[in-house]
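Work the whole structure out from these sequences, hints included.
Number of protein chains: 2
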Amino acid sequence: MNLIKMRSKLFKILILTLIVITSSFGQTVQDEKVIKKLFDAALTQSSAYDWLNYLSNQIGGRLSGSVQAEEAVQYTYNELKKIPNTSVYLEPVMVPKWVRGTPEFAYVETAPGSTFNVPICALGGSVSTPSLGLKAPIIEVVGIDELAVIGKEQIEGKIVFFNEPMDQTLIQTLQAYSKAGKQRVNGAAEAAKYGAVGVIVRSISTALDDYPHTGSMYYSSDPSIPRIPAAAISTKGAELLSNTLALDPSIKFFFKQNCRTLADVPSHNVIAEIKGSEFPDEIIVVGGHLDSWDLGDGSHDDGAGCVQSMGVLELFTKIGYTPKRTIRAVMFMNEENGLRGGTKYAENANKNKEHHIFALESDLGGFTPRGFTFEASDQQFDRIESWKPLLEPYMVTAFNRGGSGADIGPLKQVDPAIVLSGLRPDPQRYFDHHHAANDTFEHVNKRELNLGLGAMVSLIYLVDQYGF
Amino acid sequence: MNLIKMRSKLFKILILTLIVITSSFGQTVQDEKVIKKLFDAALTQSSAYDWLNYLSNQIGGRLSGSVQAEEAVQYTYNELKKIPNTSVYLEPVMVPKWVRGTPEFAYVETAPGSTFNVPICALGGSVSTPSLGLKAPIIEVVGIDELAVIGKEQIEGKIVFFNEPMDQTLIQTLQAYSKAGKQRVNGAAEAAKYGAVGVIVRSISTALDDYPHTGSMYYSSDPSIPRIPAAAISTKGAELLSNTLALDPSIKFFFKQNCRTLADVPSHNVIAEIKGSEFPDEIIVVGGHLDSWDLGDGSHDDGAGCVQSMGVLELFTKIGYTPKRTIRAVMFMNEENGLRGGTKYAENANKNKEHHIFALESDLGGFTPRGFTFEASDQQFDRIESWKPLLEPYMVTAFNRGGSGADIGPLKQVDPAIVLSGLRPDPQRYFDHHHAANDTFEHVNKRELNLGLGAMVSLIYLVDQYGF
Chain A
1 MNLIKMRSKL FKILILTLIV ITSSFGQTVQ DEKVIKKLFD AALTQSSAYD WLNYLSNQIG
61 GRLSGSVQAE EAVQYTYNEL KKIPNTSVYL EPVMVPKWVR GTPEFAYVET APGSTFNVPI
121 CALGGSVSTP SLGLKAPIIE VVGIDELAVI GKEQIEGKIV FFNEPMDQTL IQTLQAYSKA
181 GKQRVNGAAE AAKYGAVGVI VRSISTALDD YPHTGSMYYS SDPSIPRIPA AAISTKGAEL
241 LSNTLALDPS IKFFFKQNCR TLADVPSHNV IAEIKGSEFP DEIIVVGGHL DSWDLGDGSH
301 DDGAGCVQSM GVLELFTKIG YTPKRTIRAV MFMNEENGLR GGTKYAENAN KNKEHHIFAL
361 ESDLGGFTPR GFTFEASDQQ FDRIESWKPL LEPYMVTAFN RGGSGADIGP LKQVDPAIVL
421 SGLRPDPQRY FDHHHAANDT FEHVNKRELN LGLGAMVSLI YLVDQYGF
Chain B
469 MNLIKMRSKL FKILILTLIV ITSSFGQTVQ DEKVIKKLFD AALTQSSAYD WLNYLSNQIG
529 GRLSGSVQAE EAVQYTYNEL KKIPNTSVYL EPVMVPKWVR GTPEFAYVET APGSTFNVPI
589 CALGGSVSTP SLGLKAPIIE VVGIDELAVI GKEQIEGKIV FFNEPMDQTL IQTLQAYSKA
649 GKQRVNGAAE AAKYGAVGVI VRSISTALDD YPHTGSMYYS SDPSIPRIPA AAISTKGAEL
709 LSNTLALDPS IKFFFKQNCR TLADVPSHNV IAEIKGSEFP DEIIVVGGHL DSWDLGDGSH
769 DDGAGCVQSM GVLELFTKIG YTPKRTIRAV MFMNEENGLR GGTKYAENAN KNKEHHIFAL
829 ESDLGGFTPR GFTFEASDQQ FDRIESWKPL LEPYMVTAFN RGGSGADIGP LKQVDPAIVL
889 SGLRPDPQRY FDHHHAANDT FEHVNKRELN LGLGAMVSLI YLVDQYGF
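First to last, the sequence lines map onto chains A and B.
For what it's worth, the working numbering labels the leading residue of the first sequence as 1, then goes sequentially.
For what it's worth, the working numbering labels the leading residue of the second sequence as 469, then goes sequentially.
Hints in this document: simulated from the structure, not taken from any laboratory.
One or more of the hints may lead you astray.
Calculated cross-link-like contacts (lysine-lysine; reagent style DSS-like; alpha-carbon spacing at most 27 Å) [claimed, not checked]:
| hint | chain 1 | residue 1 | chain 2 | residue 2 |
| --- | --- | --- | --- | --- |
| 1 | A | Lys-33 | B | Lys-549 |
| 2 | A | Lys-179 | B | Lys-505 |
| 3 | B | Lys-856 | A | Lys-388 |
One side only, chain A facing chain B, incomplete, derived with CB under 7 Å [as the list claims (entries may be wrong)]:
| hint | residue |
| --- | --- |
| 4 | Leu-43 |
| 5 | Thr-44 |
| 6 | Gln-45 |
| 7 | Ile-171 |
| 8 | Gln-175 |
| 9 | Val-414 |
| 10 | Asp-426 |
Covered stretches of chain A, going by a simulated chain B footprint (3 or more residues, C-beta under 8 Å) [as the list claims (entries may be wrong)]:
| hint | region |
| --- | --- |
| 11 | 387 to 399 |
| 12 | 445 to 459 |
Just so you know, these numbers come straight off a predicted model, no measurement behind them.
Built from N, CA and C at the ideal position, the CB exists for glycine as well.
If you want it as structure tokens, here you go:
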């Protein structure tokens, strides 16, 4: 190459670079503007908090198969219908129906006639006790592994008291939940192998208080292992029980619950969609789950995620943004005790040969958003990380790889290239309320809920702009 | 230099570099370990939450000059005395004594005999109304600047209703507070210049509710400008009043309050100190303010900052850490309506020729810590920034330059090289509670409070290790 040619080539490269820099700079400025608009609208114009007020205070706890769950389906369907340019439909799905029955009752008997009550609640999926209740000696273990150490001789005929607390030193409370949660999910199935007649599980809670926390539990699929009743005890009740056992291991425990599993019933996912203007076949999902446990009103778990997902469509409309890709808000049914909604959604997506490029779930409460986790390839994650500076002004700074959400998980099987993401709100208060009677509307802060929505709608906007 | 000499020199440099790298790596590992210990202890062994429970629920609101404020002095003094190797003393300071008197009362009169009540509270420092109350026409302005636009003719003889809301789109709520706060602090002095007879100020709150928020206000030092009574109205009350005025500008407003300022009374800063083992003359201060407003129990403002500061000394002792420098926890008196404690502390530091290298204040509530702000030179800030990775595992990631805390501010005059710092907790909920009857203990989350303490004690540890 001669010098003139080289110069000319260098000049071309320079100009091209300038164009790229200028246009990407222009793009960034444009993105900054849209994201500012979206956050402003989230903080001042969103209906999310009012929707949550209705879901929580007019409908309440929305256990799968309950009348309230179907009321929530109808309510969110009707509200989504009010958003312009949005088509809304119900996706039928059969769901399990477990019912709690009359309030549970438990006491510790330190001597015949000498008792004190402790707060319990049946675990979701548990069988009832005999109708007059179950009284037996009780033995404490810390975690499932201790069963084998203690052995059948010590356990047989007794109630097993699983008393592993959440590890308070873990900053990410979800890690502590996952660890201590095993005793709730599998405790009954495991204890039954050693001849236990019932299990009482320390509530998986970060707080020391009187609220028992429910949650799903599963029996062994092996029919030879008996299905024994399982209940959660409040953390203060657990401390009291443990201290009493330390004084006298021969005490007895009584509990009575008449929960039961009925036949599956029909229910629905609620789906609202804005058709993409350029790439209508590329689908972006944002969702939460509409069912909840029955003790509180399910405001944080997961009313918050539902109204935030609805808010994404509302805010795009309010600021006049026309998505290039198809955006779907999905209220999944039955996350808590079956995941039937998420499974059905993926099943139909597969059947209809739909192409999902991204799914975002909010299911860790309506707290101040700290960031997102992503299930993505290196290349996809590089793109995502390039968006980070756009969210920093909103104190949304943690972009990490990691699990996303239960309901959207099944989409990975349908579309292996899909990017899955989970909103990560500040995790310190969630497990004080999770699955308990104090998961109620007054514990949701309006600004925190709306900032979560702002983070979500901004991320969805960026995915819509740039795809994967 | 010959080759052998050169080689030998290069070798020396290499070895030195390796030593530096290794030792600084070792240092980092050591710091990581200590900080982990401090956070673990903050989350599992701290007395901070129990202290706050006592301050809030056994003592309550601690207005300067009140019996409760002196009870708090005695209580924290006694509790600090229990921490080993800690000397505790009281620093006398005269404080203003403003008293609210009987509960305030206000109504809107839409026609003679036709009224509705609205929730108000006197602003701190305000004079009373006439003993039978004050009734006058009322005129709405948004911010102080509008007074000049409207003019004396329109304002004279009326009550001025300052109705500037907090800007909800600002992510840093403190910015919105500072902006809207001017009408509270200076509204009465300014409106009086235009002949107003009283002022009603929209509560500086992020929430829309029925709680009026008090706070300090100051009259003009010019004796020719009348001192007119000033009260805050709840945000819902302000909306109602504004809507009513829009329908009929001729309505009247009535309010009655019998607050007054009495003579100054003696009070105290509470100071607890662990003497430095290597550099006892280099003093590090960590503090909050012990006084509060009287409507709530002052849990977030600033019981939280006090018990966190006490917790710093407690945790050093609990993990067996011996500080190199002198660490002082200071409970400042009278931040809210006079800053006499902070001023006195600096005055005595100056008098005693003390050398303060660092002061940290926590006065933005007991919420999840997001980071710190620093008043520091470039060089000092470089050192501070090098510590950032050590706090990232605890989700404490925002190290920014900016204002620190009111009480420690006066130390800058004494020691211009001092570094001042403020804990920056998540700012979304603070102004829902600030200066109102709902600043109460149940709105403080134990983990959030303790994580704030963990962040503070870790920062104090690093300053103690490396100085400035």
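* Give me the numbers of the hints this structure contradicts, sorted from smallest to largest. => Violated hints: 1, 6, 8 and 9; rest satisfied.
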